[in-house]
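Peer 1: Start from the sequences, fold in the hints, and give me the full structure.
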Amino acid sequence: MSHQNLRGWMYSAPSVLMMGLLLFGPLLAVLFISLTDWQLGQDSFSFTGLGNFRALFADAVFLKSLRNTCIYVLLVVSGTVILGLLVAILLESSDGLKGFYRTAHFVPVMAAASAMAVVWGTMLHPTIGLFNRVLHVFGYASISWLRDERTALLSLVVIGIWQGFGYAMVLFISGLKAVPQSLYDAAEVDGADGVVDRLRFVILPMMGPVLMFVVIVTAVRAFSVFDTVRVLTGGGPNYSTDVLLYRLYTESFDYLRTGYGAALTVVFLIIVVVLTLVQAKVMDKRVHYS
Amino acid sequence: MKPLLLGKTGKVVRHVVLVATALFALLPFVWMLSLSVKPAGEIFQADFHLLPSSLAGLDNYRTVFANAPMLRFLLNGVLVCGSIFVLQLLVCIPCAYALAKLRFRGRDTLFSVVLIALLIPPQVLSVPHFILLYYTHLLDSYGALILPWIFSAFGVFLLRQFFRTIPDELIQAAQLDGLSESTIIWRIMIPMSAPAIAAFGIFSVVSHWNDLFWPLIALRHVELATPALGILLFRDDEFGQQFGPLMAATVVIVTPLIVVFLSAQRRFIDGLTIHTMK
Numbered sequence: 000m001s002h003q004n005l006r007g008w009m010y011s012a013p014s015v016l017m018m019g020l021l022l023f024g025p026l027l028a029v030l031f032i033s034l035t036d037w038q039l040g041q042d043s044f045s046f047t048g049l050g051n052f053r054a055l056f057a058d059a060v061f062l063k064s065l066r067n068t069c070i071y072v073l074l075v076v077s078g079t080v081i082l083g084l085l086v087a088i089l090l091e092s093s094d095g096l097k098g099f100y101r102t103a104h105f106v107p108v109m110a111a112a113s114a115m116a117v118v119w120g121t122m123l124h125p126t127i128g129l130f131n132r133v134l135h136v137f138g139y140a141s142i143s144w145l146r147d148e149r150t151a152l153l154s155l156v157v158i159g160i161w162q163g164f165g166y167a168m169v170l171f172i173s174g175l176k177a178v179p180q181s182l183y184d185a186a187e188v189d190g191a192d193g194v195v196d197r198l199r200f201v202i203l204p205m206m207g208p209v210l211m212f213v214v215i216v217t218a219v220r221a222f223s224v225f226d227t228v229r230v231l232t233g234g235g236p237n238y239s240t241d242v243l244l245y246r247l248y249t250e251s252f253d254y255l256r257t258g259y260g261a262a263l264t265v266v267f268l269i270i271v272v273v274l275t276l277v278q279a280k281v282m283d284k285r286v287h288y289s
Numbered sequence: 000m001k002p003l004l005l006g007k008t009g010k011v012v013r014h015v016v017l018v019a020t021a022l023f024a025l026l027p028f029v030w031m032l033s034l035s036v037k038p039a040g041e042i043f044q045a046d047f048h049l050l051p052s053s054l055a056g057l058d059n060y061r062t063v064f065a066n067a068p069m070l071r072f073l074l075n076g077v078l079v080c081g082s083i084f085v086l087q088l089l090v091c092i093p094c095a096y097a098l099a100k101l102r103f104r105g106r107d108t109l110f111s112v113v114l115i116a117l118l119i120p121p122q123v124l125s126v127p128h129f130i131l132l133y134y135t136h137l138l139d140s141y142g143a144l145i146l147p148w149i150f151s152a153f154g155v156f157l158l159r160q161f162f163r164t165i166p167d168e169l170i171q172a173a174q175l176d177g178l179s180e181s182t183i184i185w186r187i188m189i190p191m192s193a194p195a196i197a198a199f200g201i202f203s204v205v206s207h208w209n210d211l212f213w214p215l216i217a218l219r220h221v222e223l224a225t226p227a228l229g230i231l232l233f234r235d236d237e238f239g240q241q242f243g244p245l246m247a248a249t250v251v252i253v254t255p256l257i258v259v260f261l262s263a264q265r266r267f268i269d270g271l272t273i274h275t276m277k
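From first to last, the protein sequence lines stand for chains A and B.
Residue numbering for the first sequence follows numbering that gives the first Met the number 0, beginning at 0 and increasing consecutively.
Residue numbering for the second sequence follows numbering that gives the first Met the number 0, beginning at 0 and increasing consecutively.
Think of the hints as simulated: they come from the structure by calculation, not from any bench.
For every residue, glycine included, the Cβ atom is placed at its ideal position computed from N, Cα and C.
One should not assume that every hint holds.
[To be verified] To be clear about the criterion: a stretch of chain A counts as covered by chain B if any three or more of its residues have a C-beta under 8 Å from a C-beta of chain B, and this derived list gives those stretches:
hint, segment
1, 46 to 58
2, 77 to 89
3, 155 to 169
Peer 2: The structure is reproduced here in structure tokens:
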């Protein structure tokens with residue numbers, strides 16, 4: 000037994016060491032820094048208690064970025080879930096071109112977000128962009144999609160949905176495959192065979208846990224939105240597309256307000272951890288179902 | 000097992016909807032390719048054609064390769080992502096083996112700590128990582144891109160789950176044959192977990208290949224940029240308004256991963272969705 004003790008810790012040593020150095024050490028450092036007024040590159044700092052957090056929630060720019068992020072998450076999650084579920088159900092309902100459709104919808108998921116954001120930038124361009132060309136065909140005036148406060152965040156939402164709905168589709172497909180044939184048969188016996196009945200009585204109830212799971216995975220991804228903001232809008236115009244991670248990046252590495260940035264980081268951390276814990280709870284339940 | 004029973008009309012509706020959504024998914028790629036082979040004059044003209052009227056636009060690609068180290072970006076990506084993955088395996092496999100197959104005091108606590116580590120989003124650690132690299136004089140180097148990621152809680156977790164499914168009898172038989180423990184890991188555990196390792200590899204490589212956040216913080220030198228950062232530097236350099244070369248550059252950056260994806264779709268989809276097991 001003591002021999003196994005030694006070997007166990009010997010094999011785990013590299014992981015334990017790295018986990019301390021690269022994960023938990025830094026995590027404690029962030030919590031610590033968030034309670035100080037430290038600025039990157041300075042030798043001295045003093046404790047400010049919860050001062051950074053108080054300042055944060057009195058900061059109009061931060062509050063706006065928090066609000067933007069929540070709106071973004073809400074819209075991206077709804078769009079991704081609805082589109083992903085629609086595509087998954089239709090895809091699985093017949094064999095025609097199944098493989099092609101699955102591949103086509105999945106390609107955006109693994110294409111580099113920053114490069115594709117550059118492409119979306121040209122599609123949304125006021126003069127040569129695809130969207131305004133279409134508007135022109137129908138006789139409408141041009142829109143400066145990314146420079147107009149009313150459309151900038153919405154444009155990012157569309158890109159966010161575009162990036163993620165293929166991923167949701169794949170998760171929904173595996174959920175659909177797990178629905179037992181017997182349930183469809185039972186529904187058939189009860190005369191529930193139409194599209195609406197099947198959706199209402201078989202598919203949606205059985206997909207509950209998967210649905211919840213997709214919602215949370217998508218929400219965590221959406222809360223971490225950064226690439227499109229950095230590439231396309233820089234948080235503008237007038238902070239209308241500023242989001243949590245972009246603020247974190249700007250405060251910490253542009254303004255070097257490290258203490259303040261760390262407090263912001265803690266807020267972001269709490270949101271993601273709470274969401275992931277909800278997910279773990281849901282997955283626990285799913286295990287009990289099966 | 001079909002979710003919906005579709006008649007003839009239903010099947011037509013299915014194709015109509017799926018073609019529309021697939022078009023939405025592929026549109027940016029079509030647009031990118033189209034612009035990448037057009038000269039500036041054609042891009043700015045009033046009416047839009049998918050295909051260029053001449054091949055003059057292929058100059059865009061020449062402009063890209065003459066003005067930016069595109070191949071260097073891709074090689075950086077391969078080098079950085081490859082190193083991260085190999086180091087992750089070296090660090091994580093022994094630990095996953097111990098957690099799965101050895102009985103030692105503190106094992107359950109260690110596993111709980113790994114589960115907690117899974118919760119931490121990587122962006123949270125950027126400031127301390129930056130400071131750590133600053134004091135070790137590693138900022139702005141390949142090391143800065145690689146070192147923060149050589150431990151992966153997800154890797155330990157996934158491999159541990161997979162190792163547990165390998166029967167103990169197999170290991171005991173190997174021990175009776177006089178094989179050492181490291182030989183057992185190398186010759187039995189690793190080959191038998193190839194699917195899990197492949198899935199983890201795809202997950203790891205794709206996420207680091209596409210990451211913009213960390214390279215943006217850790218690098219100053221253009222020559223060290225990975226693809227995701229390289230394309231941004233190219234645009235900000237002077238090609239922001241030269242759409243032909245800009246799109247040609249994105250084609251160069253995006254194509255390799257898509258080609259690899261198309262050649263091993265199943266594995267990719269499994270690899271990128273495997274954290275549903277979490």
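Peer 1: If a hint holds in the structure, say so; if it doesn't, say that too.
Peer 2: Each hint, compared with the structure:
Under the rule that three or more residues need a Cβ within less than 8 Å of chain B, the assignment of the segment 46 to 58 of chain A is violated, with 0 such residues. Evaluation of the coverage hint for the segment 77 to 89 of chain A: fulfilled, as 5 residues show C-beta separations to chain B shorter than 8 Å, against a requirement of three. Proximity of the segment 155 to 169 of chain A to chain B, defined as three or more residues with a beta carbon under 8 Å from a beta carbon of that chain, is established by the 5 residues found.
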